[in-house]
Structures are given as C-alpha cells and as structure tokens.
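Novice: Modelling step: build the complete structure from the supplied sequences, incorporating the hints.
Residues in the sequence shown are numbered from 1 upward in steps of one, following UniProt numbering.
Accuracy of the hints is not assured; some may be wrong.
What the hints assert, rightly or not - Straight line, CA to CA, 35 angstroms or less: simulated DSBU-like cross-link-like pairs of lysine-lysine: (1) K51 to K30; (2) K51 to K26; (3) K51 to K25; (4) K3 to K30.
It is worth saying that the hints were derived from the structure and are not from the lab.
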Amino acid sequence: MEKLIESDPELARFVAEMEQSSRMKKTAEKLTLECWDLCVTNPNVSRFDGKTESCLVNCVERFIDSSTFIVKAFSSRAQQTLSSSSDFADSEMIYDDKFSMSELPKAEPEQKSSFKFW
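Specialist: Following this line, the structure appears as structure tokens:
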C-alpha cells in the first residue's frame, strides 16, 4: 500500500487530507467532551445561561491557545534540534578517553505558559 501511495501523488495527497480530517474530528470530539464536562451543569435546558455560554467560549479559546502554544513549542524545539545537529555535524571534535560536557550544545531554559487551560 505504501508503494502505491508513494507512486501516486494524488492518492498520497488524498490520504494526507483524510488523515488531517480524522485528526480534526478527534480534536473536536475531545474538545466537546472536555468543555461539556467542565461547563455544562444542567444539560436539560433549551438554552444555556450566560455563565455556561461564557465558560464554553473560554474553554474553547483556551484549548485553541494551548494547542497553538504546543505546536509552536514543538516546532521551535524541532528547529533547534535540526540546527544543533547540523552545527554538531559541521564542527570538528577530537575524541579521547575523556568526554567533555562543554562540547555539548547548551539547552535553552523552558518557557512557561502564562495561561491556565482548566
């Protein structure tokens, strides 16, 4: 199956779109369940009150903010890793019996998020 996908760009694009659609549906389902459990105290009403509506809106916004933050953090880390590995590969190192920690790239301190998800 993989060889068929690799040889047919249109099929590969279709499969990628279906996988993305599936991920989006799973995310929406998780978001719905999490926010519903957190915010809706009385599901037997025809219309939500202002407090419930506000809670749902805030929950969705925090979920989106958190997802965006995580994607950016992983992307940044991946870029740093690629950059570090190319710097590491380009540099000359002399190997001997003693390993110096100063030869390792220094990790940047982790950034803390300023918002709370739940």
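Novice: Holds or violated: K51 with K26, Cα cutoff 35 angstroms?
Specialist: Since the Cα atoms of K51 and K26 sit roughly 27 angstroms apart, the hinted pair holds (cutoff 35 angstroms).
Novice: Decide if the proposed pair is consistent with the structure: K3 and K30, CA atoms, cutoff 35 angstroms inclusive.
Specialist: 33 angstroms, holds
Novice: Sort out whether K25 lies within 35 angstroms of K51, counting only the CA atoms.
Specialist: 27 angstroms, holds
Novice: Below or equal to 35 angstroms on CA atoms is what counts here, so check K51 against K30.
Specialist: 21 angstroms, holds
The structure is consistent with each of the numbered hints, conforming to all of them.
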